[in-house]
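Participant: Letter by letter, the chains look like this.
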Amino acid sequence: MFIIKHKKIFLSISATLVGLSILSFFVLGFNVGIDFKGGALVEVVYVDERPTQESLNEIVKPLDLGAVLIQPTGEKGLIIKSRDLSEEEHSALLQTLSMGKIDALTETNFNSIGPSVGRELTRKAIIAVVLVLLAIICFIAFAFRKVSRPVSSWRYGLIAIVSLIHDVIVPIGLFTIFSHFYGVELDTLFVVAVLTILGLSVADTIVIFDRIRENLKEEENISKTNFQEVVGRSLEQSYMRSIATSLTVILVLLSLFFFGPVTTKYFALMLTAGMFFGTYSSIFLAPPLLVLVEEWQVEKSKK
Amino acid sequence: MILILGSGVGLFVFKSEARLNKNFENQGAFLKEHPFRLGLDLSGGSHLVYEADVSGVPEGEVADSMDALRDVIERRVNLFGVSEPVVQIQGGGFISGSVNQLIVDLPGVTDVEKAIAMIGQTPLLEFKIQAPEGTPREVKVGADGKIDLGTVDLGPQFVSTELTGRYLEKATLDFDVNTRAPIINLQFDEEGAKLFEKITGENILKPLAIFLDGQSIIDTTGDGIIDNRDFYAPTVQGKISGGQAVITGNSTPAEAKQLVGRLNSGALPVPISLLSKQTIGATLGDNAVAAGVKATIVGFLLVALFLILWYRLPGLIAVVSLCIFIVIMLALFKLIPVTLTAAGIAGFIISIGIAVDANVLIFERVKEELRLGRTIVEAVNVGFSRAWLAIRDSNISNILTAVILFWFGTSLIKGFALTLGMGVLVSMFSAIVITRIFLSTINFIGEGRVARFLFSSGLSK
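Respectively, the protein sequence lines represent chains A and B. End of the first sequence sits at 303 in our numbering; the numbers just go up one at a time, nothing left out. End of the second sequence sits at 764 in our numbering; the numbers just go up one at a time, nothing left out.
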């Protein structure tokens with residue numbers, strides 16, 4: 001199987017991707033949304049014409065709302081982001097925006113989140129991520145509890161986790177790029193996406209490892225040389241399936257991205273990336289790693 | 304083949320959506336009672352989160368005072384005439400820490416300022432005394448110039464006193480040591496004590512009615528709603544001075560507990576502050592619904608096309624079982640009912656992809672068995688039993704994630720986790736039971752080359 005033969009190439013592709021993602025994570029950083037840091041978001045649509053950006057900045061300034069970000073959206077829409085607003089500040093802002101005219105605009109969305117709610121959500125998100133990770137590690141340990149030669153079971157688990165980390169880091173890296181250039185914000189859905197990727201990607205890796213184990217069982221006398229062949233054969237048997245299933249999920253995700261509600265657009269994109277790299281890693285990363293580990297083992301025992 | 308009938312039944316449940324059926328009015332009551340329940344982000348409305356400051360409440364009574372708080376706010380929200388408002392307590396758990404929050408969802412209410420004012424207002428707890436005999440009654444005059452007798456309220460009449468909830472410090476619940484009957488203790492402040500002394504002194508052996516926001520404080524007729532026929536008025540036994548009063552008598556412990564909660568709500572049992580608020584315009588919600596439906600249909604068509612082109616006959620069967628999967632899911636959404644949000648729809652769409660996953664696993668296995676020279680029937684049977692382990696393993700991690708996400712909390716995430724988790728479970732059922740039955744019923748097509756072609760896939764011959 002060519003993937004096993006050229007394992008070094010694929011492993012370095014993955015390593016590069018992870019490296020780049022981490023780099024962009026630190027260089028570009030995130031736009032943290034109001035879900036987590038608190039703040040207010042007001043979305044209005046003007047009935048007639050939208051005032052110019054400068055005039056809006058001018059009239060909003062005296063309201064003393066701190067750093068206010070005004071973005072045009074759609075043809076006549078406007079998104080205003082600021083610190084969290086009280087009821088009075090909110091209605092004052094709306095009055096200012098409508099410039100004294102009645103029915104000049106309609107408010108389509110208003111969301112104000114106090115900083116304490118944001119902090120609480122952040123805490124919850126961290127707990128959820130840790131819990132999912134723990135649960136998945138437990139599950140992997142359970143799934144690979146039966147020792148299989150020549151690579152011991154906990155190494156399968158470890159490799160599954162390595163590819164899991166790969167599957168999460170690369171989409172996050174992609175997200176930081178979107179976050180930087182398109183102003184996409186890190187919100188609750190982002191955390192959900194990460195957690196869902198964890199679930200989806202580990203499933204894929206486990207199916208392929210299952211196949212390897214099954215084939216290993218059938219081989220009565222495993223000599224050290226044909227471990228590679230067994231892995232290669234297992235891959236050959238299961239890679240079509242992996243691609244086919246991910247393709248179906250990616251198809252629905254893409255339709256969600258292109259046609260779905262605005263709120264879940266980037267959520268879908270994030271998941272698409274996660275699905276893609278999840279499949280990639282379960283074919284091009286985890287099995288080559290497994291072979292590599294086996295080779296190290298053999299070398300060690302020779303010494 | 305019986306399952307085709309099953310899918311037909313599922314489709315009937317699906318018919319219970321008003322928007323899809325012009326003659327909806329003619330449908331049975333069962334269908335009418337099960338529309339899709341849309342979340343706020345889809346239906347438009349207001350979402351408010353309050354924090355309750357329970358620092359002044361003894362530890363053991365926090366839950367009780369939160370319940371009382373919810374009761375009060377629920378009652379105020381109901382005055383709005385909103386359909387299906389949701390008032391729920393969140394907090395006190397391991398995940399959410401020690402924060403006690405109250406979440407108020409008001410579908411269709413976009414005037415958030417009015418809503419906030421109404422919820423935050425001080426409720427009016429009033430003590431009313433019986434009006435003297437001969438007090439003129441309010442009557443309406445009908446169109447024919449005569450008194451409209453239907454509007455005449457012949458019950459006892461009450462007039463307001465100066466005593467209101469402002470003077471009530473607290474109400475507590477006790478039980479009589481001997482009879483175990485509930486006793487309600489009232490504690491008035493200094494000014495209230497004087498007023499109470501005066502009122503009781505003037506109304507010995509007369510009823511003293513207690514009203515909350517203009518209505519009877521509790522449901523005394525036992526019909527579950529508080530209306531004009533309800534009326535709660537203990538009789539004054541004697542002049543009471545010192546600001547301490549007890550109400551004894553014929554109430555049940557549950558009723559007494561409710562009464563205490565409501566008496567205390569005269570001033571909200573715990574102070575609340577607004578933490579966050581969100582208003583979603585109705586048009587935005589409608590757009591999101593339309594987009595969600597469109598994405599589901601397009602996603603389904605793409606997957607169906609892929610399955611049929613790649614897996615041929617089994618692919619077609621998978622599409623049929625996928626249809627059944629979708630119908631079952633939609634029926635469950637209606638029957639449970641699941642509140643659908645944009646994230647929930649996303650979870651559902653993803654579960655369509657996952658549902659295919661199990662089918663693909665089975666087909667690939669069947670194909671392999673065919674290559675090994677088995678007959679089609681054998682290959683189907685062996686393929687199923689081998690694929691089962693992989694299906695189970697790959698779904699467990701998804702279920703784990705869904706469960707933890709559901710636990711994680713906020714309504715947005717719950718919607719996603721619920722639809723995804725349900726999707727994974729139902730998809731296992733649809734792949735293993737439905738696809739299998741379909742596949743095993745088509746063994747009549749024999750072993751010819753055409754049959755083999757139909758069962759293989761992709762680029763292989």
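It is worth saying that the hints were derived from the structure and are not from the lab. The reader is advised that the hints may include incorrect statements.
Simulated pairs of lysine-lysine, DSS-like, Cα-Cα distance not exceeding 27 angstroms [what the hints assert, rightly or not]: (1) B:K542 with A:K101; (2) B:K717 with A:K37; (3) A:K8 with A:K302; (4) A:K81 with B:K417; (5) B:K501 with A:K265; (6) B:K717 with B:K670; (7) A:K76 with A:K101.
Heads up, incomplete: computed chain B residues facing chain A, CB under 10 angstroms, no partners named [unchecked claim]: (8) G411; (9) K501; (10) I502; (11) T503; (12) A557; (13) K580; (14) L587; (15) V601; (16) A649; (17) G656; (18) I657; (19) R668; (20) E671; (21) L673; (22) T704; (23) I716.
Remember, it's a predicted structure, so these values are computed and weren't measured experimentally. All C-beta atoms in this analysis are idealised placements derived from N, C-alpha and C, irrespective of residue type, glycine included.
Participant: Each of the hints needs a verdict: does it hold here or not?
Facilitator: Verification of the supplied hints:
Note on B:K542 and A:K101: the hinted pairing is violated, with a Cα-Cα distance of about 61 angstroms set against a maximum of 27 angstroms. The suggested pairing of B:K717 with A:K37 holds, with an alpha-carbon distance near 21 angstroms, which does not exceed 27 angstroms. A distance of roughly 22 angstroms separates the Cα atoms of A:K8 and A:K302; the hinted pair therefore holds under the 27 angstroms criterion. The suggested pairing of A:K81 with B:K417 holds, with an alpha-carbon distance near 23 angstroms, which does not exceed 27 angstroms.
Annotation: proposed proximity of B:K501 to A:K265 is violated, straight-line Cα distance about 67 angstroms (limit 27 angstroms). At most 27 angstroms may separate the alpha-carbon atoms for a hinted pair to count; B:K717 and B:K670 exceed this at roughly 39 angstroms. In summary, the hint linking A:K76 to A:K101 is supported, as the alpha carbons are separated by about 16 angstroms, within the 27 angstroms threshold. Because the closest C-beta pair between B:G411 and chain A is about 14 angstroms apart, greater than 10 angstroms, the hint is violated.
Contact between B:K501 and chain A, as hinted, is not supported at the beta carbon level, the nearest pair being about 40 angstroms apart and thus beyond 10 angstroms. For the restraint placing B:I502 at the interface with chain A, the shortest Cβ-Cβ distance is roughly 38 angstroms, beyond the 10 angstroms limit, so the hint is violated. Among the interface hints, the one on B:T503 is violated; its C-beta lies about 41 angstroms from the nearest C-beta in chain A, farther than the 10 angstroms criterion. Residue-level restraint check for B:A557 is violated (minimum Cβ-Cβ distance to chain A is 34 angstroms; threshold 10 angstroms).
The beta carbon of B:K580 comes within 5 angstroms of a beta carbon in chain A, closer than 10 angstroms, and the hint placing it at the interface holds. Restraint check, B:L587 versus chain A: the minimum CB separation of about 5 angstroms is within 10 angstroms; hint holds. With a cut of 10 angstroms, the hint placing B:V601 at the interface with chain A holds, because the nearest CB-to-CB distance is about 4 angstroms. With a least beta-carbon distance of about 4 angstroms to chain A, the hint placing B:A649 at the interface is held under the 10 angstroms criterion.
With a cut of 10 angstroms, the hint placing B:G656 at the interface with chain A holds, because the nearest CB-to-CB distance is about 3 angstroms. For B:I657, the interface hint holds, the least distance from its beta-carbon to any beta-carbon of chain A being 7 angstroms, beneath 10 angstroms. Hint status for B:R668: holds, given a least beta-carbon distance of 8 angstroms to chain A, under 10 angstroms. The interface hint given for B:E671 holds, since its Cβ lies 7 angstroms from the closest Cβ of chain A, which is under the 10 angstroms cut-off.
Interface hint at B:L673: violated, since its Cβ lies 14 angstroms from the closest Cβ of chain A, which is beyond the 10 angstroms cut-off. Hint status for B:T704 relative to chain A: holds, with the closest Cβ pair at about 3 angstroms, below 10 angstroms. A cut of 10 angstroms between beta carbons decides the hint on B:I716: the least distance to chain A is about 6 angstroms, and the hint holds.
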